[in-house]
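2 protein chains.
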Amino acid sequence: MLLPQIKLYALPGIPNIKAGDDLVAVIMDALHRVNLGLEDKDVLVITQKIVSKAEGCAVDLNTVTPSPQALEIAEAGDKDPRHIEVILQQSRGIIRHKGPILITETCHGWICANAGVDRSNLAEPGQEIVLPLPADPDASARRIRQQLKEITGAAIAVIISDTHGRPWREGTVNLALGVAGMLPLIDLRGKKDMFGYTLRVTMIARADELAAAAGLLTGQAAEALPVVLIRGAQYIPGEANATTIQRNPEKDLFR
Amino acid sequence: MLLPQIKLYALPGIPNIKAGDDLVAVIMDALHRVNLGLEDKDVLVITQKIVSKAEGCAVDLNTVTPSPQALEIAEAGDKDPRHIEVILQQSRGIIRHKGPILITETCHGWICANAGVDRSNLAEPGQEIVLPLPADPDASARRIRQQLKEITGAAIAVIISDTHGRPWREGTVNLALGVAGMLPLIDLRGKKDMFGYTLRVTMIARADELAAAAGLLTGQAAEALPVVLIRGAQYIPGEANATTIQRNPEKDLFR
Chain A
848 MLLPQIKLYA
858 LPGIPNIKAG
868 DDLVAVIMDA
878 LHRVNLGLED
888 KDVLVITQKI
898 VSKAEGCAVD
908 LNTVTPSPQA
918 LEIAEAGDKD
928 PRHIEVILQQ
938 SRGIIRHKGP
948 ILITETCHGW
958 ICANAGVDRS
968 NLAEPGQEIV
978 LPLPADPDAS
988 ARRIRQQLKE
998 ITGAAIAVII
1008 SDTHGRPWRE
1018 GTVNLALGVA
1028 GMLPLIDLRG
1038 KKDMFGYTLR
1048 VTMIARADEL
1058 AAAAGLLTGQ
1068 AAEALPVVLI
1078 RGAQYIPGEA
1088 NATTIQRNPE
1098 KDLFR
Chain B
848 MLLPQIKLYA
858 LPGIPNIKAG
868 DDLVAVIMDA
878 LHRVNLGLED
888 KDVLVITQKI
898 VSKAEGCAVD
908 LNTVTPSPQA
918 LEIAEAGDKD
928 PRHIEVILQQ
938 SRGIIRHKGP
948 ILITETCHGW
958 ICANAGVDRS
968 NLAEPGQEIV
978 LPLPADPDAS
988 ARRIRQQLKE
998 ITGAAIAVII
1008 SDTHGRPWRE
1018 GTVNLALGVA
1028 GMLPLIDLRG
1038 KKDMFGYTLR
1048 VTMIARADEL
1058 AAAAGLLTGQ
1068 AAEALPVVLI
1078 RGAQYIPGEA
1088 NATTIQRNPE
1098 KDLFR
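For the protein sequence lines, the chains are A and B, in the order given. Everything in the first sequence is counted per the working numbering, starting at 848 for the first residue and increasing by one. Everything in the second sequence is counted per the working numbering, starting at 848 for the first residue and increasing by one.
Please note that the accuracy of each hint is not assured.
Treat identical chains as interchangeable: a pair holds within one or across any two.
DSS-like mimics (lysine-lysine), calculated; alpha carbons at most 30 Å apart, straight line [said to hold, decoys possible]:
1) Lys1038 with Lys888
2) Lys854 with Lys1038
3) Lys865 with Lys926
4) Lys854 with Lys888
5) Lys1098 with Lys945
6) Lys926 with Lys945
7) Lys1098 with Lys926
8) Lys854 with Lys996
9) Lys1038 with Lys865
10) Lys1038 with Lys1098
Read the hints as simulated data drawn from the structure, not as lab findings. Given the structure is predicted, the values throughout are model-derived calculations rather than measurements.
Chain A extracted, bound-state conformation (with noise of 0.2 Å):
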């Protein structure tokens, strides 16, 4: 009996990325370190992190003047004002704030805390930086996805993910903030289930999915896993952004 499976592959000795570092050259340098090559409908999970330190996203904090706006914030949350001022700069709005906790919506339309802007795993003692996200996660990963393609000639798909909280539940889990070879959403409208009744599921978050399974390896501290390689999983290849992803702010009950 055929045993569908799945195998999931945490590229070991990726080096602490830097502003301009290659990071196409870097992944294959990893693949062959442990003779992986990369096949056709593999899914390789980046972590946004990686993507925006070798992108030169960083931000000097000593650059930065907090605005007004920002100052409160900090205050109310006993905040650094300036790396508040950085979230600030890179969202369209705030959903939440209460407290230490700022929930806002990314210039890209994610909602999550700090519009993704870490500032742990950074920089050497002494620096004061901040990693706001990719500019386009999506365009990051269509870019890997063709590098990749032109030097090893396999057809992949490339999720850049970040690790969100959620409502109502304690914890984090990642999920899909780039894609690039793939539908994020499988479309069930219309598919009926084993007894015919068409489904109520209408949508499966495919990459959001490959996103969470790769967190099982990513880790979040000393061992820094930040690209796993997927193979076995189903998904359909195509060009759709991770932002179809962003439900329509008039259909959302929690805005």
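Go by the hints and put chain B onto chain A.
Below, chain B without anything else, positioned relative to chain A:
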């Protein structure tokens, strides 16, 4: 160089489950068919649907008398008022209601659409059946884990999963409603990143990541694969209910 990896297997050939079926026997049969044994630290993710079916949770809509509130909500959403009545009976309260969308807090404390009461994939044509969530998914997980341990000797983790929508994002992902043999959350508070900074992300929802990964194989349509074995994923063995994932309402900004 060590290659960190995880494998997921969907157990094939699991029959349509009926009230009173012995799920543990069904799972052992499925493992035997594909020559898989259980090993210590494996994770078995089981969809709530087959647990609810086996536990006889199904409700015949012909036995349900809708309340005035159910009639009102049903009319606003063009729904079956008896289905709404079962949803309300399975809920502590309504979180959002707009047109056909009804988000409630279930008796267990989960916040999701329709209290998780599902109509698809359930009945032979002519029947009118809906399926609430298991009465106590943590207890279901513990019972299945304990019986599998007695048979195989393996100390595994068991997760009862469900498919949920999310605020702000289209599409569904699977997450954990019941857990046994593992801590659903990995607490990183006080841990340092690779530069010695205290981590921003303080809790990882490991049980939800495992459920989401299994969702890559469970599928939603004809090819029902309701049990997934995950091998190689790191988690903290222990006893804690999935309900520990629920955020304290006072800390939640989206109720």
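Do the hints match the structure? See the list:
1. Lys1038 with Lys888: within (24 Å within a copy, 36 Å between copies)
2. Lys854 with Lys1038: both (28 Å within a copy, 29 Å between copies)
3. Lys865 with Lys926: The answer is within: 26 Å in one copy meets 30 Å, while 55 Å across copies does not.
4. Lys854 with Lys888: both (12 Å within a copy, 17 Å between copies)
5. Lys1098 with Lys945: Cα proximity of Lys1098 and Lys945: in one copy and across copies (24 Å, 10 Å).
6. Lys926 with Lys945: within (12 Å within a copy, 37 Å between copies)
7. Lys1098 with Lys926: between (33 Å within a copy, 19 Å between copies)
8. Lys854 with Lys996: Both, since 21 Å and 25 Å are each at most 30 Å.
9. Lys1038 with Lys865: For Lys1038 and Lys865, only the inter-copy Cα distance (23 Å) is at most 30 Å; the intra-copy one is 47 Å.
10. Lys1038 with Lys1098: For Lys1038 and Lys1098, the Cα distance is within 30 Å only inside one copy (23 Å; across copies 39 Å).
Against the hints set out earlier in the document, no violation occurs for any number.
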